[in-house]
Each structure stands twice: as C-alpha cells, then as structure tokens.
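Going down the list, the protein sequences come from chains A and B.
Taking this note's numbering, I'd label the letters of the first sequence as residues 3 to 120.
Taking this note's numbering, I'd label the letters of the second sequence as residues 309 to 414.
It cannot be assumed that every hint is accurate.
Claimed, not checked - Covered stretches of chain A, as calculated for chain B (at least 3 residues, CB under 8 Å): (1) 40 to 54; (2) 104 to 118.
As the list claims (entries may be wrong) - Under the rule of at most 25 Å between Cα atoms (straight-line distance), these lysine-lysine pairs were calculated in the DSS-like manner: (3) K45(A) to K67(A); (4) K45(A) to K350(B); (5) K353(B) to K60(A); (6) K353(B) to K45(A); (7) K347(B) to K45(A); (8) K45(A) to K410(B); (9) K410(B) to K353(B); (10) K414(B) to K350(B); (11) K353(B) to K414(B); (12) K414(B) to K45(A).
Since the hints were made in silico from the structure, they are not lab data.
The C-beta atom is built at its ideal place from N, Cα and C for all residues, glycine as well.
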Amino acid sequence: EAQLVESGGGLVPPGGSLRVSCTASGFQFSSYAMNWVRQAPGKGLEWVSYISRRSSAKLYAESVKGRFTITRDDAENSVVLQMDSLRAEDTAVYYCARARGEYVLDFWGQGTLVTVSA
Amino acid sequence: DIQMTQSPSSLSASVGDRVTITCRASQGVFNSLAWYQQKPGKAPKLLVYDGSRLESGVPSRFSGSGSGTDYSLTISSLQPEDFATYYCQQYYRSRTFGQGTKVEIK
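Given these sequences and hints, build the entire structure.
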C-alpha cells in the first residue's frame, strides 16, 4: 500500500530555516514526480514546489522562489523541502503529493505543521 | 500566473440534490484541470483529472466537464459523505489551485 509520511515540522522564528521531509513507501518512488502543497490555517490549498523524476526540472511558486529549495533522494525514497528566510505567512500544514504523469496529484501524505512565530 | 476562480465559495444542499461547482481560469488550460475533495483534518483526495476523467475508485455520481477556461464538477445526487471542500487545480502552466468551495448540509 502506498504511503507518504511527512516529518520535520515545528515552530521556527521569522527569518529562520526549517527542513521538512517526505518518505515514500509501497510504490516505485523514482518513477514519480513529487510536489509540496501547503495550507495555511483555515485557508485553501497553495501549490509550493515540484520536482521531476531524476531531478531534471524544479518549479516553485512565486511566493517561495529564492527562499525554498526542493530536492529528492531516490535511494532513500524521500523528497525534502528546505525552507529559508521564513515568514509568518509561511505558517501552514505542508503536504507532499505524488504526481502521476508529472502533473496529477494522485496521492498525498497527511501533512506536517510549520509555524513561523517569535 | 494562471488564476483559478471557483464559484460559489460555499453552498448549502440536501442529501439527494444535484450540485455543480464551477472553476474559471484566467486563460485557457486545455483540459489540464483536476478536482480534489478535502474533508476537515484530512489530506485532499483526487476526484477528476484531465477535465473529465474520473479517478479510479471515485463514485460515478461525480463528473467533470468543460473546456477552454470554464470547467465544472457535478455531483448528481449528494450523499452524506460528500459534504466537504472541493478545489480545482490547473496544471497547464505551473500549478494553481482555486480558492475552494465548501459544500455544507442544508
């Protein structure tokens, strides 16, 4: 059974850094592109970042470009979002999501909460 | 960036009602559109992709349609488990979600 488990969320002060990870199991991780999507408390979904198979392409939302970096390790079946220069508006539940055919988010993890506050 | 506008933002309906949610893109997305369902405290679930293709395991009362800039998700007969928030998402150019439509019990 496919599974995505996020970890690494927590409380960080404004301007700080945090690294959230997503570990996959139950499917051939290297065959899928991966995404991060976030949801601020009581708000809607916001796509954050994408990484293709073999890391050949990476995309970022304008709101995080230059501050967040997505990477993947196919040997470890994991995708990581490194978040720097964090702001209060980055507070959200961060979900990792598998992309079938590069685009369709067909399977999601349960999310990890990131809180940016002094 | 392509902006996605859903309407309505919320609606109240009864079990058995036919419900339609619309999504308008700021430019054509050529059927590169998906619909997701999210229940409180849970991760989103894929319902429809490529504008009208039903995801495996999703009940046939859900259907998607549209073209160009205008798309819709229809629930033919609302069931108790369908009360949730629904999001459209384009993947024609980068990825963008609509703001969501909350379907509540009347």
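How the hints compare with the structure:
1. For the stretch 40 to 54 of chain A, the proposed coverage by chain B is satisfied: 5 residues have a C-beta within less than 8 Å of a C-beta in that chain, meeting the threshold of three.
2. For the stretch 104 to 118 of chain A, the stated coverage by chain B holds: 9 residues have a C-beta nearer than 8 Å to a C-beta of that chain, and at least 3 were required.
3. At roughly 21 Å between alpha-carbon atoms, K45(A) and K67(A) fall within 25 Å of each other, so this suggested pair holds.
4. With a CA separation close to 14 Å, the supplied pair K45(A) and K350(B) stays within the 25 Å bound.
5. Taking the CA atoms of K353(B) and K60(A), the gap is near 24 Å; set against the 25 Å cutoff, the hint holds.
6. A hinted pair counts as satisfied when its Cα atoms are at most 25 Å apart, and K353(B) with K45(A) qualifies at roughly 17 Å.
7. Taking the CA atoms of K347(B) and K45(A), the gap is about 13 Å. The hint holds against a cut of 25 Å.
8. Distance hint between K45(A) and K410(B) is fulfilled; the C-alpha atoms sit about 11 Å from each other, no more than 25 Å.
9. With a CA separation close to 15 Å, the supplied pair K410(B) and K353(B) stays within the 25 Å bound.
10. With a CA separation close to 22 Å, the supplied pair K414(B) and K350(B) stays within the 25 Å bound.
11. With a C-alpha separation of about 24 Å, the suggested pairing of K353(B) with K414(B) holds against the 25 Å cut-off.
12. Straight-line distance between C-alpha atoms of K414(B) and K45(A) comes to about 22 Å, which keeps the hinted pair within the 25 Å bound.
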